[in-house]
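Required output: the full structure, derived from the provided sequences and hints.
Top to bottom, those sequences are chains A and B.
So that you can map any letter, position 274 of the first sequence is 274 in our numbering, and since no number is skipped, the others follow by simple counting.
In our numbering, each number is its position in the second sequence, counted from 1, plus 1000.
Please note that a few of the clues may not be correct.
Unchecked claim - The calculated DSBU-like cross-link candidates involving lysine-lysine, where the alpha carbons are at most 30 Å apart (straight line), are:
1. B:K1019 <-> A:K207
2. B:K1125 <-> A:K56
3. B:K1127 <-> A:K207
4. A:K207 <-> A:K103
5. A:K188 <-> B:K1195
6. B:K1085 <-> A:K103
7. A:K207 <-> B:K1085
8. A:K188 <-> B:K1085
9. B:K1019 <-> A:K188
10. A:K207 <-> B:K1147
11. A:K230 <-> A:K284
12. A:K207 <-> B:K1125
13. B:K1064 <-> B:K1121
14. A:K284 <-> B:K1147
15. B:K1243 <-> A:K188
Calculated directly from the structure, the hints in this document are not laboratory data.
Predicted model only: the values in this text are computed from it and were never measured.
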Amino acid sequence: MVTAISKGSEATMGGIDSALKPRLRLRTPTEYAGWVLSILVGLGILASVLTNPNFKWGIVGKYFFAESILRGLMLTVFLTVASMALGTLLGLALAVMRASHVKPVSIAAGLYLTLFRGTPVLVQLIFWFNISALYPDLRIGIPFTDIGTAVDTNAIMGPITAALVGLTLNQAAYMAEIIRGGFSAVGKGQIEAADSLGMSAGMRMRKVIIPQAMPSIIPATGNQFIGMFKETSLVSVLGVAELLQSAQLIYARTYETIPLLIVASLWYLVMTLLLSYPQSQLEKRYARATSTLPRKAKRVAQPEGAAR
Amino acid sequence: MSTDGTIHARGIRKSFGHKTVLQNIDLDVASGEVCCIIGPSGSGKSTLLRCINGLETVDLGVLKVNGETFGYQETETAYHALSRKKLAQQRTRVGMVFQQFNLFPNMTAQENVMSGPVLVKGEDKKKAAARADELLASVGLDGHGFKYPAQLSGGQQQRVAIARSLAMDPEIMLFDEPTSALDPEKVGEVLAVMKDLAKKGMTMVVVTHEMGFAREVSDSLLFMDEGYVIERGDAREVLGNPKEARTRAFLEKVL
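Structure below.
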């Protein structure tokens, strides 16, 4: 068909068949200027980074795989994973409380969110580290009786514990908001359908609301995870030897401040890039899942009766 | 005489804020009866239906479903709201089919139908699965059990929703405009399932705009407007020979 039309057409110019000529995109002077400017600035920065001896790339290389740096990296990873895991669980509890019909429960959760989202994490971390000034002894026991034991708060609240507590409690507040957003994305009709079948509130939450809220919660949680990885650098103020503090400990001795900050930054960058790939995959997967098929749709090929 | 499958309402009132949506409604549905409720949108017909299943609470009046005061326990001075658990027990005896189907998108058709028996009644999964397949076959969806709602057409989804309600063995089925969200060509398959159900003697209350269905299947008919029941009676009688001017005006527009 196509060839028939083009043969019949008389509009062949410059030797090439008019119907087969490629269509070119519009290129504006602004576009060319953008290219030139970006390349010039990029080359300038690169030249400066490579030629300025103060960067001391040799020292960066020397410390990049240093044992104390890697140890710090491990601690950073641990703090990220632990505070995200605990924070998500606590956040889920807070989100459920926030959605409660019992006013005091909902208000309590609301107050928590306001308090922990309204104050800087750094302040919260220092606060937890110094909690013994407020409560010198932690007592575990039955209220209004003498039964129980008291523990010195300082013995429990070491720097790492304080870091974990501070990051977890703060993260819980943010996760609660994300999870609550996911809950509200579940249609009213779903809740009515669950109710009309006589489901209990807990059943409705576990089998209907949470599975459907997941597509909007999971990508946002991935983002929080990446954010938390960088946020752990704040706990260096408590003297916790995570990645940044490990670098600081070295340059306090050697005065090679910039190279060691570069070492730490490169590790943060590497880890963030490593995390952002699965994150983007998660986002794609769940963006699709909400509009068309649920994520379990692969199981479709299974025979009947295979339902859980 | 058994009161299973009956609805008895006297003087039902319901307001949302300052707006009264149900004014002094009486309703009697006998066991095995099919009652259609028609009327313009905003007339309160859906709200009335939702009260019978506890999705809305009644402000005033008597409401007995299956012979029991619904959602409340009557004492000498007041109606005390039932615990969620007891309300759930009453609800399992009343099936509800929604305009928007409201199937659980995270479950297959079979899992949707099983969800009530397994999650609420704690029935054995294998038995419930077999029963779900039977129910799906009875609504013409044999072999579709493994599909997710998103893989089914609107008409198929609504039939799954009917099967899901039937899985709880309700004595009464409520239908809230079950065909209004469907493509015109899919309306027939859902109405066929409902006719079949009526023939089997299910008590049904149907809010609908399908006058043909009302004429053919319904025993009694209510015409509602602005929260009042304007006219009621034998379905064919009301549709063929409406006595009230407002009923006539409405029917002229929709027929």
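Quick rundown of the hints versus the structure:
no. : hint                : verdict
1   : B:K1019 <-> A:K207  : violated, 35 Å
2   : B:K1125 <-> A:K56   : violated, 67 Å
3   : B:K1127 <-> A:K207  : holds, 20 Å
4   : A:K207 <-> A:K103   : holds, 25 Å
5   : A:K188 <-> B:K1195  : holds, 29 Å
6   : B:K1085 <-> A:K103  : holds, 21 Å
7   : A:K207 <-> B:K1085  : holds, 17 Å
8   : A:K188 <-> B:K1085  : holds, 20 Å
9   : B:K1019 <-> A:K188  : holds, 22 Å
10  : A:K207 <-> B:K1147  : holds, 18 Å
11  : A:K230 <-> A:K284   : holds, 24 Å
12  : A:K207 <-> B:K1125  : holds, 15 Å
13  : B:K1064 <-> B:K1121 : holds, 23 Å
14  : A:K284 <-> B:K1147  : holds, 23 Å
15  : B:K1243 <-> A:K188  : violated, 39 Å
Violation of the numbered hints given earlier is confined to hints 1, 2, 15; the remaining hints are satisfied by the structure.
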